[in-house]
Amino acid sequence: MLIEIKDMYKTYSMGDTKVNALDGVSLSIDYGEFVAIMGHSGSGKSTMLNILGALDQPTSGSYKLDGREVSTMSKNELARFRNRKLGFVFQNFNLLPRTTAIENVELPSFYGGVKISSEARRKRAIELLEMVGLGKRLYHTPAQLSGGQQQRVAIARALMNDPPVILADEPTGNLDSKATVEIVTFLQELNAKGITIIMVTHEPDVAAYAKRQIVMKDGKVDQIIVNSK
Amino acid sequence: MNILMIFRVALRAIWRNKVRSLLTALGIIVGIAAVIAVIAIGNGASEQMKSSINSMGNNLVMIFPGSMRSGGMHMGAGASNTLTAEDGEQLAQDYPELVAAQTPMIRANAQVIYGENNWSTQVSGVGTGFPAVRGWNIGNGTFFTEEDVHAGKRVVILGQTVVDNLFPGIDPIGKTMRVKNMSFKVIGVMEKKGSNSMGQDQDDILIMPYTTVRRTLQNSVFNNVNQILVSLHDMGDLEEAKTEFTAMLRQRHRLKDGKEDDFNIRDMTEITEMVTSISSTITVLLGAVASISLIVGGIGIMNIMLVSVTERTKEIGLRMAIGARPIDILMQFLLEAMTLACVGGLLGTILGVVGAKMVGNIQNWPILITESSIAVSFAFSAFVGIFFGFYPAYRASNLNPIDCLRYE
Ligand SMILES: Nc1ncnc2c1ncn2[C@@H]1O[C@H](COP(=O)(O)OP(=O)(O)OP(=O)(O)O)[C@@H](O)[C@H]1O
Ligand SMILES: [Mg+2]
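Quick mapping for you: the protein sequence lines, in order, are chains S and B. Counting in the working numbering, the first sequence runs from 23 upward without gaps. Counting in the working numbering, the second sequence runs from 3 upward without gaps.
Please keep in mind that the hints were generated in silico from the structure rather than gathered at the bench. Treat the hints with care, as some may be off.
Negatives, chain B to chain S, calculated, CB over 12 Å [to be verified]:
1) Ala-94
2) Ser-222
3) Ser-295
4) Pro-328
5) Cys-406
Below are the DSBU-like pairs computed for lysine-lysine, each with C-alpha atoms no more than 35 Å apart in a straight line [stated by the list, open to error]:
6) B/Lys-316 - S/Lys-86
7) S/Lys-158 - B/Lys-20
8) B/Lys-316 - S/Lys-215
9) S/Lys-242 - S/Lys-97
10) B/Lys-20 - S/Lys-107
11) B/Lys-20 - S/Lys-239
Derived, one-sided and incomplete: chain S residues facing chain B with beta-carbon distance under 8 Å [said to hold, decoys possible]:
12) Thr-81
13) Asn-105
14) Gln-113
15) Leu-129
16) Phe-132
17) Tyr-133
18) Gly-134
19) Val-136
20) Tyr-231
21) Arg-234
No experiment lies behind these values; they were computed from the predicted model shown. Quick reminder that beta carbons are idealized off the backbone N, C-alpha and C, glycines included.
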């Protein structure tokens, strides 16, 4: 199994009241899957994904990725782990402002301690941007790109270090229907190349592209739907 | 991420907020400029004082009349009238291996007149050893001779300032001028010497044999002098010379054991030390003021770095999400603060050097800019950057990735 979660809780306490954003979740995701996490607003989807991405820690429960327990890792180990194993795609793109597309894509390769020549780095960034169809926009800054284009830059960035897993939190949330289809088919193609994709969405149309849907409700897994194709 | 890359990121972040960066660095700029300028002016002043002290004479030892007790009454320094020109002559005679030259000195002020022009100046009555003792040569004409001294001849040698004021455009040699309404013949002009350490014009002087001063200007029946100047062969003999001179003078003045000296022997090292300690005290004080402005500048940097961290919370979150470790974030902000301070230091150094030179030119002050003062201020500004940049950088590195990404 790629991902194994057991009995996971995430509790936020606001004064006296406690909110269980995750309320005892157990699930596993295999290599090469394309999973869509669905559910109503506030059901704990983002909380779940952030924990999977090691951006946030659960209150209790175990999370194993590739057989390694993540919850006991140090900050530095977590940083390495995110750098090598995970690529992130955010709803609001999160590109560095006033920085060219190519430099945004290169960014992950500066961290993680892997030695790479600046020519090799540049070459890979260009390849990735060409792959997402932005070969003619290499030196555009985010402000000079449309939302769909920005998200494609973000996908190229997520792929820079060749991670086995891509985590996407509502990657199409800020896009129109045409761009949405582009992005989600793109994710599908990546999945076909063997990359595991975990995507949060609340659009059934988008979720339909995944191989499997995990529906959450009140911090629990409510339903698992296997898409027939 | 390697240092060079972080450095580029830091430079870019600074460049993006040019005006803000400049205003932030202003504290450092002013602080460093002040340090550089103050040290340059202070060093220059003390160098000049030292060289002008040296210009007062070669290996100079000065003997002054001391205080005198008469019947239990203390008369104060200089009150004794036992120091004579013969004392000096005896010293030169008995210690040729120590004494290179010597001259007595009697001072008086006088109104001097030539034609329509008159001038008030200092008259120095000296012996023939004067040029050698002061290391000050005759420029034009001749100095007076031993015979002139014996005869108490009315001959004078002028300083350049006196020439400029009494003999504008005239060659004074051979002319007869009036001092206190008596006529004197000008036989020579000294070389131009400039101001001494106290800013006194050394060329505002009229020199004549001490015997002449005593007879014509003072009408004195005593044969005491105001001062004896002795030039030693070697400053290394100073302590020996002082001991020997003291012994000889005590003997000549018939001072019984237990009675205090009726003279004082002084040398230039004391004055040099005093000048050095005054100027270094001033430098330290001004340096302290400048350091305070550097600290204020550092606080400015800390403030703007805290703002910068807050502004770029999302960026920090994103960098953490793609694999930046806490140390990477720490280095990024620390280097940014350091770069900001160093750029400030660089601009401050330029401003300080230019400012010091300008002040030096306008005020006609000597300026001494040392590499060490530049290196020290530069190191200091880098240190200020690191010291005051650490807290904001540490705060940034300690943030939680998810909190940063969610930050509005
Ligand atoms: N930092 C926080 N502090 C307190 N409560 C939080 C925090 N983050 C999330 N929650 C709570 O946890 C619950 C789950 O939030 P989460 O963001 O995971 O929902 P979501 O399923 O992603 O919703 P949406 O579809 O609207 O994005 C919500 O009730 C939310 O109020
Ligand atoms: Mg959400």
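Comparing the hints with the structure gives:
1. Ala-94: holds, 81 Å
2. Ser-222: holds, 89 Å
3. Ser-295: Non-interface label stands for B/Ser-295: nearest chain S Cβ at 33 Å, farther than 12 Å.
4. Pro-328: For B/Pro-328, whose nearest Cβ neighbour in chain S is about 6 Å away, the distance does not exceed 12 Å, so it is violated.
5. Cys-406: The claim is violated: B/Cys-406 sits with its nearest Cβ about 9 Å from chain S, within 12 Å.
6. B/Lys-316 - S/Lys-86: holds, 28 Å
7. S/Lys-158 - B/Lys-20: holds, 31 Å
8. B/Lys-316 - S/Lys-215: holds, 31 Å
9. S/Lys-242 - S/Lys-97: holds, 28 Å
10. B/Lys-20 - S/Lys-107: violated, 38 Å
11. B/Lys-20 - S/Lys-239: Between B/Lys-20 and S/Lys-239 the Cα gap is close to 50 Å, so the pair fails against 35 Å, i.e. violated.
12. Thr-81: violated, 14 Å
13. Asn-105: holds, 2 Å
14. Gln-113: violated, 11 Å
15. Leu-129: holds, 6 Å
16. Phe-132: Since chain B brings a Cβ to about 5 Å from S/Phe-132, closer than 8 Å, the hint holds.
17. Tyr-133: holds, 4 Å
18. Gly-134: Holds - the Cβ of S/Gly-134 comes within 8 Å of chain B, reaching about 5 Å at its closest.
19. Val-136: Because about 10 Å separates S/Val-136 from the closest Cβ in chain B, which is outside the 8 Å limit, the hint is violated.
20. Tyr-231: Result: violated, 24 Å to nearest chain B Cβ.
21. Arg-234: Since the shortest Cβ distance to chain B is 25 Å, the answer is violated.
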